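> Below, each chain spelled out in residue letters.
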Amino acid sequence: MLRHLFTLIWNRKRANLLLISEVFFSFVVLFGVGAVLITAAKNYLAPHGFNYEQVWRLEVRAGQNLKMPRAELDDVLRQVKALPGVRTVALTSGNTPFIFNTNNSVFEYEGKKSPQANVYDADDHYGEAMQLHLREGRWFAPSDDGSNHRPVVISQDLRESMFGNGPALGKIFTWENPGKGPAKPEDEFLVTGVVDAVRMESDFSAAIPSVWKRLIPYDTTHWETANVLVRVAPGSGGELQEKIARTVAGVTRQWTSQVRVMDNERLHRRLYTLVPVVGLCIMGLFLIINVALGLFGVLWYNISQRRAEIGLRRAMGATGAGIGWQFLGEMMVVTTFGVLLGTLLAAQFPLLNAFDLPAQPYLLAIGAAAAAVYFITALCAWQPSRLAAAIQPAVALREE
Amino acid sequence: MENLLATSSHTRSQPLNGATDALPVLRLTNIEKVYQTKTIETVALNQVNLTINRGEFVSVMGPSGCGKSTLLSLMGLLDEPTRGTIEVDGRTVQSYSDRELANLRNLKIGFVFQSYHLINDLSVVDNVEVPLLYRKGMGGKERRQRALDALDKVGLSARTGHFPGQLSGGQRQRVAIARALAGGPEIILADEPTGNLDSVMGEEIMDLLLGLNRQDGVTIVMVTHDEQQALKTQRVVRFFDGSQVG
Numbered sequence: 000m001l002r003h004l005f006t007l008i009w010n011r012k013r014a015n016l017l018l019i020s021e022v023f024f025s026f027v028v029l030f031g032v033g034a035v036l037i038t039a040a041k042n043y044l045a046p047h048g049f050n051y052e053q054v055w056r057l058e059v060r061a062g063q064n065l066k067m068p069r070a071e072l073d074d075v076l077r078q079v080k081a082l083p084g085v086r087t088v089a090l091t092s093g094n095t096p097f098i099f100n101t102n103n104s105v106f107e108y109e110g111k112k113s114p115q116a117n118v119y120d121a122d123d124h125y126g127e128a129m130q131l132h133l134r135e136g137r138w139f140a141p142s143d144d145g146s147n148h149r150p151v152v153i154s155q156d157l158r159e160s161m162f163g164n165g166p167a168l169g170k171i172f173t174w175e176n177p178g179k180g181p182a183k184p185e186d187e188f189l190v191t192g193v194v195d196a197v198r199m200e201s202d203f204s205a206a207i208p209s210v211w212k213r214l215i216p217y218d219t220t221h222w223e224t225a226n227v228l229v230r231v232a233p234g235s236g237g238e239l240q241e242k243i244a245r246t247v248a249g250v251t252r253q254w255t256s257q258v259r260v261m262d263n264e265r266l267h268r269r270l271y272t273l274v275p276v277v278g279l280c281i282m283g284l285f286l287i288i289n290v291a292l293g294l295f296g297v298l299w300y301n302i303s304q305r306r307a308e309i310g311l312r313r314a315m316g317a318t319g320a321g322i323g324w325q326f327l328g329e330m331m332v333v334t335t336f337g338v339l340l341g342t343l344l345a346a347q348f349p350l351l352n353a354f355d356l357p358a359q360p361y362l363l364a365i366g367a368a369a370a371a372v373y374f375i376t377a378l379c380a381w382q383p384s385r386l387a388a389a390i391q392p393a394v395a396l397r398e399e
Numbered sequence: 000m001e002n003l004l005a006t007s008s009h010t011r012s013q014p015l016n017g018a019t020d021a022l023p024v025l026r027l028t029n030i031e032k033v034y035q036t037k038t039i040e041t042v043a044l045n046q047v048n049l050t051i052n053r054g055e056f057v058s059v060m061g062p063s064g065c066g067k068s069t070l071l072s073l074m075g076l077l078d079e080p081t082r083g084t085i086e087v088d089g090r091t092v093q094s095y096s097d098r099e100l101a102n103l104r105n106l107k108i109g110f111v112f113q114s115y116h117l118i119n120d121l122s123v124v125d126n127v128e129v130p131l132l133y134r135k136g137m138g139g140k141e142r143r144q145r146a147l148d149a150l151d152k153v154g155l156s157a158r159t160g161h162f163p164g165q166l167s168g169g170q171r172q173r174v175a176i177a178r179a180l181a182g183g184p185e186i187i188l189a190d191e192p193t194g195n196l197d198s199v200m201g202e203e204i205m206d207l208l209l210g211l212n213r214q215d216g217v218t219i220v221m222v223t224h225d226e227q228q229a230l231k232t233q234r235v236v237r238f239f240d241g242s243q244v245g
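Protein sequences appear in the order of chains R and B. Under numbering that gives the first Met the number 0, think of the first position of the first sequence as 0, with each following residue one higher. Under numbering that gives the first Met the number 0, think of the first position of the second sequence as 0, with each following residue one higher.
Some clues are possibly wrong.
Derived Cβ-Cβ restraints for the label pairs, each shown as a range [as the list claims (entries may be wrong)]: (1) B:L22 to R:L339: 50 to 56 Å; (2) R:L343 to B:Q214: 50 to 56 Å; (3) R:P46 to B:G136: 54 to 60 Å; (4) B:S96 to R:L344: 56 to 62 Å; (5) B:S96 to R:G278: 52 to 58 Å; (6) B:M137 to R:F285: 44 to 50 Å; (7) R:V394 to B:G136: 28 to 34 Å; (8) B:G136 to R:L378: 29 to 35 Å.
Hints in this document: simulated from the structure, not taken from any laboratory. What you are looking at is a predicted structure, and each value in this text was computed from that prediction instead of being measured. Backbone N, C-alpha and C define an ideal beta-carbon position, used for all residues, glycine too.
Please take these sequences and the hints and turn them into a complete structure.
What follows is the structure, given as structure tokens:
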């Protein structure tokens, strides 16, 4: 019977072209949405690689066209750290986790280029403040003061791409295309530690290879804005935030400060990331509903056009239920043609390594989209098939 | 039911070679068929008693609307009578389930329709295979062979790959007869099989049916308006306003 159904659908391919196209486009949309959702869910379930809870971001501004001397900034850090409820403070660059500020670059080690990596400035307390998990080596320390190269800590994924299975600690790498002539010591990066891969963009983003460059103490850089990560004791709230603001003002009244809770910034970023995803899902859903209604209508029409055939098949020995299953089976065959075409297209994504994603989410999305399309078409075909099953053969044959 | 199907299978494999042994293959007793709507009650058949013997060729005649097609639907187990009993091979089929009736139709009855009822999107041989698709335990090769044999019998061996749209009316009706024959039925119910054909083609089809009856012993009940054709059959049953008048 299956061969018969395939023959029938194949011979009716022109008439079924619309249905096959609808199934194909539904599959493609579901595959796209599925790939996005599966990737987001997979990322969401992966660890962040650091602990964002009980961490605040203190932003200190010197004022327009003003710079802050490092000595006074260090004074602020010391005084904030001394406040009751503050566990540790760490000076860092503006690209703190979950905010819309990134700094990335490509590095090179013995002619081998790294993937695009996030670059963070971090002082000796950053690792402790973010509770990064060290896999190898150590975080920066005062003992690095005398180093001839810029000490860096790198993430595990960057380590794998640059050094493979070989040792990473003590290796020196540079920016991509360091230029001719001897490199400056601050542009040569000495690996002192390796931490777990981190996901600092959003809850739904994948881990990005990362480099933390050591902020050298007592340098002469004068910043307009300083970003300070403050790890606080559990239960700390607005009172401590006010104290921190007063402390900053106490060092110099010209400076302004703002304290933000990192967890709130995470939730804000999550919302920002979710909105387009939800929008995509709603659009996909409307499309699928439209397709489902279209399928339903076409099937209904098909059955009304094929009443004589139904009567004939009943006369030849088909049961009512058999007729219902035949129509359902035909729809499944049509779906198979659409799904096969869609799979041909979807398979190009993992084969071409599109969007630098691994093959797994794509393969899962292909499976999920196929299952969903079969479910939707079966659902749409169910009622018309029941209608076909209920047609009385004598009546159907008489109508002809 | 089991015995009935077993008997029919045996019969198919051993054709009767034209012998009319006067055993009733189909018996209708006190049949009434009433179509009821909210406002109108239409009596399509009234107190019909009819026996069809094995190997007979019976014509059913009467004016339009006299109940001929209704009678054929009842004989073909496509419809249920309002009152009365239908027996196939001596067994009353009223209590049969949809599945049992479908099996019985598939094994014992072949249908030929005035408008052929071929599936236009299937080739000739695929059309002939249709009744065999519903036969349990029959493989694809056997189906194909039986379909080809049936087409050979009706002289259409050279047209197996054609589609109905590529055939003449007479050829289409031959395909329909081959389809009815493919399952090796005991009875062929033909509803005005020459009604859509010109006289030459009508004669060809009539000769084919007569040959099947005389040489292969197939029982045939044919509804017709053509007196000349009816006279070629063994018995003519006449209807008027739902009642048997002769």
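> Look at each hint and say if it fits the structure.
Checked hints:
Between L22 (chain B) and L339 (chain R) the CB atoms are about 54 Å apart, so this pair conforms to the stated range of 50 to 56 Å. Separation of L343 (chain R) from Q214 (chain B) is about 55 Å and conforms to the stated range, judged on CB atoms against 50 to 56 Å. Checking the proposed 54 to 60 Å range against P46 (chain R) and G136 (chain B) shows it holds: the Cβ atoms sit about 59 Å from each other. In this structure, S96 (chain B) and L344 (chain R) break the distance hint of 56 to 62 Å, their C-beta atoms being roughly 47 Å apart.
Checked against the hint of 52 to 58 Å, the pair S96 (chain B) and G278 (chain R) passes, with Cβ atoms roughly 53 Å apart. Taken as a hint, the range 44 to 50 Å holds for the pair M137 (chain B) and F285 (chain R), whose Cβ atoms sit roughly 47 Å apart. Checking the proposed 28 to 34 Å range against V394 (chain R) and G136 (chain B) shows it holds: the Cβ atoms sit about 31 Å from each other. Between G136 (chain B) and L378 (chain R) the C-beta distance comes to about 33 Å, which sits within the given range of 29 to 35 Å.
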